[in-house]
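Participant: The lines below spell out each chain.
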Amino acid sequence: MAHTEWRDAPELPDFSLLKRLARDQLIFLLEQLPGKKDLFIDADLMSPLDRIANVTILKQHEVDKLYKVELKPIVSSSDQLCFLIRPRIQTVKWISDLVNADKVAGRFRRYKIIFTPQKFYACETVLEEQGVYGDVTTDEWNFYILPLDDDILSLELPEFFRDNFLEGDQRWVTTAGSALHLLQSVYGSFSKVYGIGRCAKMVYESWRELMEEGEQRTRQPEFAKVFLVDRDVDFVTPLCSQVVYEGLVDDLFRIKCGTVELGPDVTSSDKSIKVMLNSQDKVFSEIRNEHFSNVFGFLSQKAKNLQTAYDKRRGMDIQQMKAFVSDELKGLKQEHRLLSLHIGASESMMKKKTKQDFQELLKTEHSLLEGFEIRECITYIEEHINRQVSMIDSLRLLCLLSITENGLLSKDYRSLKAQYLQSYGIKHLLTFANLRQLGLLEEQQAGETLTVMESKVGKLVNDKTVGKLTDAFSSLAKKSNFRALSKRLALVPKSGEEYDLRVPRDMAYVFSGAYIPLSCKLIEQVLERDGWTGLEEVTRMLNGQEFAVTGGSSSSEARNKTDAQRIVLVMFLGGCTFSEISALRFLGKERGCRFVVVTTAITNSARLLEALLDNHA
Amino acid sequence: MAFVTANWNPLGEAFYRKIELYEMGWNLKDGLRECLVAAAPYGGPISLLKGHNRRSPSDRPQLEIYSSSGLPLASFPWKSGVVKQLGWTVSDDLLCVQEDGTVLVYDLLGGFKRHFSMGNEVSQSQVLETKIFHSPYGTGVAILTGALRFTLATNIDDIKLRRLPEVPGLQGAPSCWAVLTQDRQSKVLVANGSHLFILDNTACTPVTPPGLSPQASSIVHMCVSFSYKYLALLTDSGHVWMGTSNLKEKLSEVDTKIKTPPKQMAWYGTLLLFPSAVVMWDGLLIVVGECKETIQYHLDDDSILVPELDGVRIISGTHHELLQEVPGACEEIFKIASMAPGALLLEAHKEYEKESQKADEYLREIKEQSLLSEAVRQCVEAAGHEHEPETQKTLLRAASFGKCFLSNFPPEQFVSMCRDLRVLNAVRDYTVGIPLTHTQFKQMTVQVLIDRLVYRKLYPLAIEICRYLKTPEYQGVSRVLKHWACYKVQQKEESDEVIAKAVSVKLADAAGISYSEIATKAYESGRTELAIKLLEFEPRSGEQVPLLLKMKKSPLALSKAIESGDTDLVYTVVMYLKNELNRGDFFMMLRNQPVALSLYKQFCKHQEQDTLKDLFNQDDDHEELGNLYVKASYKDQRLEARIALLQSAVDEYYKAKNEFSAKTTEDEMRLLRFQRLTGLWLHNNLQCTLSIQKSFLPQTFDQKCTLLFMIKTKNHNKYCCLSHRDMEGAAEAAIERRNESEISTVLSRCSATTDHLLMERLNRAKATAVKK
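Each protein sequence line maps, in turn, to chains W and B. 1 is the number of the first residue of the first sequence in the UniProt record's numbering; add one for each residue after it. 1 is the number of the first residue of the second sequence in the UniProt record's numbering; add one for each residue after it.
To be clear, the hints were calculated from the coordinates, so they are not data collected in a lab. Being a predicted model, the structure only gives us computed values, none of them experimental. Mixed in with the good hints, there may be bad ones.
Said to hold, decoys possible - Just the calculated beta-carbon pair ranges, DEER-fashion:
1) W/Ser293 to B/Asn617: 32 to 38 Å
2) B/Asp620 to W/Glu383: 26 to 32 Å
3) W/Ser77 to B/Glu129: 33 to 39 Å
4) W/Lys351 to B/Arg540: 56 to 62 Å
5) W/Phe108 to B/Asn617: 41 to 47 Å
6) W/Lys351 to B/Asp620: 52 to 58 Å
7) B/Asp620 to W/Arg540: 29 to 35 Å
8) B/Cys604 to W/Arg540: 33 to 39 Å
9) B/Leu556 to W/Glu536: 31 to 37 Å
As the list claims (entries may be wrong) - Derived, one-sided and incomplete: chain W residues facing chain B with beta-carbon distance under 10 Å:
10) Lys119
11) Glu129
12) Gln170
13) Arg171
14) Gly177
15) His181
To be verified - Pairs of lysine-lysine, DSBU-like flavour, derived with a Cα cap of 30 Å:
16) B/Lys613 to B/Lys663
17) B/Lys350 to B/Lys367
18) W/Lys119 to B/Lys605
19) B/Lys631 to W/Lys72
20) B/Lys553 to W/Lys201
Even glycine gets a Cβ: it sits at the ideal position worked out from N, Cα and C.
Take the sequences, apply the hints, and build the full model.
Facilitator: Here's what the structure looks like:
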């Protein structure tokens with residue numbers, strides 16, 4: 001490790017408590033339906049559930065068989081059916097059909113739906129409309145937060161991003177507010193809250209309301225500050241290729257709920273292995289934040305060390321050997337196993353990523369970030385599209401191009417879009433509509449600027465419509481202003497300078513020294529200034545909506561330089577990437593504080609863009 | 001202090017005392033004669049209906065309501081039907097049961113609240129007798145009809161009428177009956193001559209009380225204790241049989257030697273050691289207990305008995321008295337020549353006041369037996385049971401004096417007793433008139449007492465008590481203020497502004513006030529404008545919405561719901577509006593609320609696809625409509641349907657002036673027609689499509705694409721024919737890019753006959769590329 005560890009890095013609170021709370025509530029709910037029952041679980045809840053209560057625990061509470069919700073007719077002989085689902089209309093409709101089918105067949109069963117993390121009125125409306133409201137009982141499992149690691153808490157709500165930012169459906173806002181409220185009631189209140197973004201503001205409001213309703217508890221706070229940030233404040237970062245080990249593993253193999261499944265090509269055996277990736281894994285915890293070019297060297301050094309440790313056996317007498325076997329061998333074996341897995345992973349990584357085309361891809365990304373040789377970049381993207389390299393990657397490059405350039409020239413936009421549609425199918429017409437709505441991929445507006453237009457139109461219509469128009473315009477005018485932001489915040493280090501990835505000097509190392517993640521830079525700046533003063537220009541370019549509030553705990557308490565005062569909670573609304581987490585870990589080490597990341601889900605470029613596709617076909 | 005025992009009478013091992021609570025403030029000409037009277041337990045109000053049998057419209061009976069001290073609370077002429085019975089509910093509402101089985105409910109200030117019927121059967125056969133009873137489930141009404149059948153409702157707030165089975169052999173009205181609550185069920189106990197029956201939901205069971213003296217030929221009166229645990233029967237032979245109400249056990253039987261039927265009989269509280277009953281005749285009151293003795297009191301006036309938890313109140317035309325067993329602590333202290341520690345402590349304190357050294361002697365005596373803490377405890381407890389503030393003070397002073405000689409004596413009991421007594425003395429005051437004993441107060445709880453004060457609109461006193469007892473604001477002051485405000489908004493004479501202002505000023509700093517409840521009250525009394533004004537004060541928008549909907553202020557409700565940020569609430573409003581408004585208006589309203597609109601769209605996507613189409617149509621959003629059709633086309637497996645949907649999309653795109661999308665979609669349609677198969681995109685199908693016909697190729701399929709296409713299809717054996725023009729284009733692109741392998745690809749596909757010149761050029765370019 002090249003970083004110098006701060007000797008007094010603050011202790012993080014014990015988040016496993018959250019798991020225990022969730023488990024106890026689930027058990028309570030299961031016992032509300034006494035007797036044997038079959039449990040149907042939403043597919044995307046299976047992994048999180050496994051982290052909370054495994055099959056043994058479920059069986060102990062009279063769960064007979066476990067099924068995945070597949071929206072197909074079921075085969076179950078049980079008289080009691082329990083559904084553990086996210087509050088989605090589709091799933092509720094499926095359950096209603098099930099109940100109605102049973103009714104037709106004259107079959108009597110008891111049905112219980114447990115919504116997690118909360119019930120929505122719309123779901124109950126569906127039950128009512130389908131005429132089964134009286135036949136099922138519903139409950140809520142307030143499982144808001146899954147601790148993925150010591151410093152990563154996830155709401156496991158990937159749909160948050162699409163629902164909130166694309167569909168304009170704010171149903172999850174209260175969920176995020178409740179999650180914060182839960183953290184506050186378990187770990188104490190916060191002294192200061194910062195945030196940026198429309199959703200962040202709403203989440204804060206919803207949280208504040210909960211605070212006011214609930215009883216006030218005066219507790220020594222375990223966090224100093226909270227920072228709320230909307231994903232749409234920074235789209236550039238999640239669109240970049242990840243090059244830090246953990247991020248790269250996520251991009252390549254997809255980490256699911258803290259677990260990755262490594263295929264036979266990595267494990268060099270005939271079956272795939274599931275590995276938990278967290279700080280418990282000694283090897284992983286040392287390389288997760290490293291640039292991938294360093295990882296291989298590190299691992300081989302590690303292997304040598306391991307060999308030396310094994311070699312100690314030679315020349316031992318019986319007594320020493322006994323001690324070695326009982327004390328060290330198990331640890332070494334474990335380390336050995338992990339090491340070989342990570343070596344396998346990084347080998348396959350190197351195989352894929354050191355190829356010329358990956359280097360070229362990175363080069364293009366860096367050029368885009370720097371605003372350099374844009375024509376060449378466009379050519380590269382065209383080729384990428386026409387070669388059908390990857391549907392998502394092509395789209396990612398297009399978006400990156402659009403955001404960094406503040407939209408594409410009409411000519412380019414049309415030509416690229418046409419090529420893309422021919423290459424990957426016309427259904428992406430819808431994808432493009434979505435991307436435009438989010439401001440991810442736009443055509444530059446010719447002619448008069450929007451503000452002029454707005455004021456002109458504004459004079460012609462009444463107030464109510466003006467509001468609506470302004471909304472419409474602001475969404476159109478969602479200019480990314482990336483170039484200006486990058487300049488002001490110095491996001492892109494001066495090119496030409498040699499960047500030693502072994503000894504990172506700033507957060508840019510997570511993107512090979514080419515770019516400091518905007519989201520993390522904002523956090524750094526706000527914490528440094530203790531507010532938004534001096535960042536007015538920046539927030540204006542980010543569409544405003546920033547806030548800073550002094551929180552519940554008294555200021556005198558806040559001045560106490562306790563450990564807790566150096567723990568900062570960062571909540572990403574709409575997901576965050578492992579690169580951002582790595583960057584924050586780096587920032588924490590530099591500043592002698594710790595960051596705890598709360599996110600609606602872990603995301604990366606692929607997940608982000610897949611969420612915007614409309615391929616229900 | 002000898003006078004304390006002056007009104008004590010012994011009965012068996014216990015003493016009974018009769019305390020005067022009030023001299024009645026009312027001025028009744030004929031006392032309680034010929035009146036229907038009902039008094040609520042726990043020192044509740046008294047209602048009188050004079051001349052209830054009068055039927056002539058010119059001379060209507062008068063209904064009057066008084067506090068326990070006889071202060072008038074309400075009075076009005078009775079204009080409804082003939083009243084058979086008055087009674088009070090647990091929450092101080094007056095029930096008037098009419099001959100036809102209609103029950104009218106009034107609040108204790110005479111305001112009409114509602115009415116309900118006891119059923120057709122009752123109204124047809126008329127009410128013969130009725131009893132109002134209290135159980136853990138609320139207040140109930142039991143009726144004996146003219147057809148000699150019983151109908152019963154256990155809880156008047158949730159009326160479920162039950163008709164009980166017939167009593168065998170019943171010819172006329174039974175001699176007496178009572179309602180029991182046993183096994184979580186209300187039952188009726190009926191006496192027909194000497195036969196006793198228990199009626200429950202399903203059956204009529206004859207029962208015999210164990211050990212009832214044989215000379216009785218008829219049971220003339222019966223009563224059940226406050227807790228339904230005990231039963232007393234009075235026979236025509238003048239015997240009072242007392243036992244448990246399940247008729248399994250006899251406690252005692254006493255001969256009163258009076259054979260005339262009594263006016264009323266009541267149980268004493270069942271909290272006591274020796275349960276006992278009180279029987280009242282004209283001018284005479286007899287207390288019967290477990291022993292054979294009785295106590296007899298002479299009554300001057302017509303009176304009624306009000307059974308309480310720990311005694312019986314006797315209300316006459318002039319006086320209000322409490323008859324109770326002397327509580328243990330009082331007995332210990334005040335009994336003549338008592339040597340109980342409490343008595344000694346009281347004596348010691350008396351001597352101390354006189355500055356006599358005897359005080360020390362008494363104290364020593366207690367301390368020697370180490371009973372001082374017991375003495376203090378006794379004094380404190382006794383103070384609680386005394387009615388006179390002077391006696392209370394004396395006892396508390398003695399306790400406080402004793403406490404001085406104790407270390408580590410927990411102060412809570414003393415402190416809370418002082419507080420309780422202060423509150424009790426305040427509510428026992430003549431002007432308030434709630435003569436609660438300490439035991440009743442503890443059973444009733446402060447919350448209920450506050451409620452009762454609120455019912456009487458004694459808001460300032462209620463607030464003072466809350467503050468004094470430090471009741472949490474949410475349960476105390478805020479609750480009282482809310483009730484006050486609910487009352488205030490019903491005052492018709494004041495303007496909306498004045499009331500809204502007064503309410504907001506008073507309630508400003510009170511925590512946990514629900515303005516929406518107050519606004520609901522205002523709305524119910526027909527003041528919509530005031531309700532809206534009040535709702536503005538409600539900090540939680542979630543609370544505003546339901547009322548706004550009720551008041552048909554839907555646009556306001558919708559914007560409030562959106563303001564709250566609670567999507568569930570928005571949904572509630574949207575769904576409500578959807579059913580309430582016609583489609584056009586509904587869409588119109590959604591249009592002005594983007595948040596609601598997007599929510600509704602989400603819902604429609606899953607539930608009502610067609611509505612979504614209508615929505616976009618109304619907005620002239622052709623772009624979205626186009627997208628919708630494209631999306632639908634992918635869900636359809638049939639080619640013709642697909643193409644039809646795409647055609648609709650094309651039309652919409654043209655309407656949206658989106659030439660680009662329209663063209664692309666048209667291309668797709670052409671492609672589909674050619675392919676006759678689905679799911680493969682342009683490039684993959686070029687091979688076949690190109691060979692079939694070139695004309696459909698999109699204009700945008702340019703040189704570079706041709707080149708790349710060639711590269712892609714390099715490994716396929718079956719080349720499709722490319723025209724010369726295409727080859728030229730591809731060659732052009734390859735040369736421009738100076739890529740050796742690409743040039744080779746093109747070269748490999750040139751035919752020597754037709755592309756001679758082109759090959760030469762390519763070879764040259766290849767040479768330069770290699771050099772580089």
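Participant: Each of the hints needs a verdict: does it hold here or not?
Facilitator: Hints and how they fare:
1. W/Ser293 to B/Asn617: 32 to 38 Å: Given range 32 to 38 Å: violated, Cβ gap about 56 Å.
2. B/Asp620 to W/Glu383: 26 to 32 Å: Given about 40 Å between the Cβ atoms, the range is violated.
3. W/Ser77 to B/Glu129: 33 to 39 Å: Check failed, 59 Å falls outside 33 to 39 Å.
4. W/Lys351 to B/Arg540: 56 to 62 Å: holds, 59 Å
5. W/Phe108 to B/Asn617: 41 to 47 Å: holds, 45 Å
6. W/Lys351 to B/Asp620: 52 to 58 Å: holds, 54 Å
7. B/Asp620 to W/Arg540: 29 to 35 Å: This hint holds: roughly 33 Å between Cβ atoms.
8. B/Cys604 to W/Arg540: 33 to 39 Å: Holds, at about 37 Å.
9. B/Leu556 to W/Glu536: 31 to 37 Å: Taking Cβ atoms as reference, leucine 556 of chain B and glutamate 536 of chain W lie about 36 Å apart, which means the hint holds.
10. Lys119: holds, 8 Å
11. Glu129: holds, 7 Å
12. Gln170: This interface hint holds because 5 Å falls under the 10 Å limit.
13. Arg171: holds, 4 Å
14. Gly177: For glycine 177 of chain W, the interface hint holds, since the closest Cβ of chain B sits about 8 Å away, which is under 10 Å.
15. His181: Given a least distance of 14 Å, the restraint on histidine 181 of chain W is violated.
16. B/Lys613 to B/Lys663: holds, 22 Å
17. B/Lys350 to B/Lys367: holds, 17 Å
18. W/Lys119 to B/Lys605: holds, 19 Å
19. B/Lys631 to W/Lys72: holds, 23 Å
20. B/Lys553 to W/Lys201: holds, 28 Å
The structure shown violates the earlier hints numbered 1, 2, 3, 15.
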